[in-house]
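Undergrad: Sequence:
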Amino acid sequence: MTSLLQFLLPLALAVAVSPVAVFGVIRMTLAAPVSMAPDWGFLTGWFVGLLGVVSLASAVAALLTGSLTGRAYYVVGGLLFLALGALAWNLALRRWRARPRPGEPARWPSWVAGAADADPAKASGLGFALAALDLKNLALGASAGVYLALTRVSFGTIALGILAYVLAASAALLVVTVGFRLARRRVEAPLGRLAEGLELNLGGVESVALLVAGGTLVGAGLAALF
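Read in order, the letters of the sequence shown correspond to residues 701 to 926 in the numbering used here.
Read the hints as simulated data drawn from the structure, not as lab findings. The model shown is predicted, which means the values in this text are computed figures rather than measured ones. For each residue, glycine too, the CB sits at the ideal point set by N, CA and C. Possibly wrong hints are sitting among the right ones.
As the list claims (entries may be wrong) - The following label-pair restraints were derived from C-beta to C-beta distances:
1. A772 to G897: 45 to 55 Å
2. G904 to A871: 10 to 20 Å
3. L768 to P890: 45 to 55 Å
4. V875 to Y773: 36 to 46 Å
5. L768 to L860: 55 to 65 Å
6. G766 to L874: 16 to 26 Å
7. V776 to V878: 12 to 22 Å
8. L705 to L922: 14 to 24 Å
9. L833 to S703: 21 to 31 Å
10. R885 to L922: 45 to 55 Å
11. F855 to D817: 38 to 48 Å
12. S703 to P800: 32 to 42 Å
Can you make the complete structure from the sequences, with help from the hints?
TA: Encoded structure:
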């Protein structure tokens, strides 16, 4: 289980530091009435989206590679991880190049502007779409699922690995949402500063996390091939 976590956590971290998701939840949390709780809806949709991607990828990978044995098994797995690692590095470069320059305003998706007015149902749909359809989150979730399938561990271990990945990838959103509910007055100012920091550093932290995740994937691919 330790080796699984060593592989999964860098991927989950790159998902967790999604500036758009965190900024959107902060807007929902600070601006929407507590009774509406759109942030909980977003978190639920996000959780379901991550769970669906990694579970589906694990099932498909197990089905496609179940008959492979010997060298073919390692070659297929290695090439998959190399391709996914290259994709992660490509995304890191794209996010870095797209980051706002000093003095430029951050360019958020259009839905972020209306995040404070979202009801729980709409917020859950946004959370699901961002977790399951965003290219970065989709690629990293698929990578986690493929790895769990290729390790050929027990079903229970795979289930625990999926749960650990989803919880770790949701950590930032959980901290914002739960922290606000438990200590609203204390966290309002820190959340506001965090939102400002995300606007100033959009793409920077995410790019670094993607570089680390890509290195994890490429390392796994090379280990399988050689």
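Undergrad: Looking back at the hints listed earlier, which ones does the structure fail to meet?
TA: 5, 6 and 7
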